[in-house]
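Based on the hints, put chain B in the right spot on chain A.
Heads up: the sequence lines are chains A and B, in that order.
Each residue of the first sequence is one higher than the last, beginning at 1 in the working numbering.
Each residue of the second sequence is one higher than the last, beginning at 1 in the working numbering.
If you're looking for bench data, these hints aren't it; they were derived computationally from the structure.
For every residue, glycine included, the Cβ atom is placed at its ideal position computed from N, Cα and C.
Hints should not be assumed to be uniformly reliable.
[What the hints assert, rightly or not] Each pair of labels, with its calculated beta carbon distance range:
no. : chain 1 : residue 1 : chain 2 : residue 2 : range
1   : A       : 21        : B       : 62        : 42 to 52 angstroms
2   : B       : 16        : A       : 137       : 47 to 57 angstroms
3   : A       : 126       : B       : 45        : 46 to 56 angstroms
4   : A       : 40        : B       : 208       : 29 to 39 angstroms
5   : A       : 24        : B       : 209       : 52 to 62 angstroms
6   : A       : 127       : B       : 168       : 40 to 50 angstroms
7   : A       : 27        : B       : 18        : 12 to 22 angstroms
8   : A       : 126       : B       : 25        : 44 to 54 angstroms
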Amino acid sequence: MTVLAALSILIFAVLVFFVFQILSLRANSSLLKESLLKARQRLLFYYDISSFYRQDLTKEELLETFFQKLSQVPGLAKCSYFELNEEKQILERLVARGLPEEYLTKTKLELLHRVGGAATGRSLSTKKPVVANDMEADPALSKFLDYGRLGGFVSLITIPVLTAKRSYGSLIVYGERKNMFGKDEVNFGQVTANFLGQILEG
Amino acid sequence: MFTFLLIILSLEFLVLGVLFWFWGKMARYQMKLKTSREELWRMLSLFSEITNSVLKNPEIPALYSQVTDGVVGVFPFLKTSILELNEEKQILIPISWQGLPKEYSQLKTSQDYGISRAGRSLDGRALVTRQPAYSNDALNDPQIGDSSKRVARLLNLNAGSAQPILGKKKTYGVFMTYSSLKNVYNIERIQFLQTLANFLAMWLENKQNERG
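Looking at chain A on its own, in the form it has when it is part of the complex:
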């Protein structure tokens, strides 16, 4: 009888172990599904943007369509595109998505994105993405915190839009939370900007 009781306790322990294993597998599966969905959405976005370039659209229409699709990708609802005016050496905002009107009006009047200055210009002059996962912590961006509050973002990533022969401008994605932009987001942004560069060059 003692042996049976001991066996019963042992099996109960194994049961508990399996229950935890199953719960852990379930949690992992949810994470995996989320990651799968994210990758699928990104691939579908690339497919979409690579398909409409053949249509006979004006530059404005191309940009509108491109950014409409980009803002539909989860986490990228707030984004904009600044184009380099080579003559004046300033960056002009051509498209903005998901940003409040008040922010757009105010920044249009007050912000002059000189090349080499803030994140937008910095990414273009260095030809590398600038990731600010916490604007407060970035000395070059902390002066723009008020604009961030107005626009509803605390982090941002700016990616230069380049081709082999030209720098077109900068693509910006704004984050509502801190630390939104990891390595995958930077890669995604770079591929998106590279696609945009080829589309604009066409």
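Structure of chain B alone, referenced to chain A:
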């Protein structure tokens, strides 16, 4: 007490059996998810590699090789090739290929195997419809012509896909993939391959405009 313990033990074994079965099922499901996720992230990485490398202004054959090699890296069960359209002769000429034997080039450029056979071969169908074409069981596909099947048999291929490389003004060629396995294509993979073909077309067109 002894009987009670026996009943408890039997119930425990029963529950353990069910849990073990369920655990196995979930573990298999998770493995499947992991494999899919890895494949999708490999696809995304390839886009990153290719779109970044065009910034260095590579030569056309170099980028073709990067695409054909890269796709085989993502899907090791695929063989790839890029065929350029010779508009004058209306034939497709293999420029870059990966995983295919030497005979492939001769077979593809041989006279009776051009896009004149449009619609009866995957490449021809893709060029005529301007849409990707694929077959998961090419040898038993009634839409595929005999000459294409002959090539497939010679090269031991059972499935294939063709993605047209279409610019705004010009058709550049076809990006083909093949496999000796059946049922390797789904919508997701075809969309990925077509996106690569579209990116190639955009880049080729820009390169041509640059050269005037």
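Consistency of the hints with the structure:
1. A:21 - B:62: 42 to 52 angstroms: For residue 21 (chain A) and residue 62 (chain B) the Cβ distance comes to about 49 angstroms; the hint holds.
2. B:16 - A:137: 47 to 57 angstroms: 52 angstroms, holds
3. A:126 - B:45: 46 to 56 angstroms: 23 angstroms, violated
4. A:40 - B:208: 29 to 39 angstroms: For residue 40 (chain A) and residue 208 (chain B) the Cβ distance comes to about 33 angstroms; the hint holds.
5. A:24 - B:209: 52 to 62 angstroms: Check passed, 55 angstroms falls within 52 to 62 angstroms.
6. A:127 - B:168: 40 to 50 angstroms: With a Cβ separation near 27 angstroms, residue 127 (chain A) and residue 168 (chain B) fall outside 40 to 50 angstroms, so the hint is violated.
7. A:27 - B:18: 12 to 22 angstroms: Check passed, 20 angstroms falls within 12 to 22 angstroms.
8. A:126 - B:25: 44 to 54 angstroms: 51 angstroms, holds
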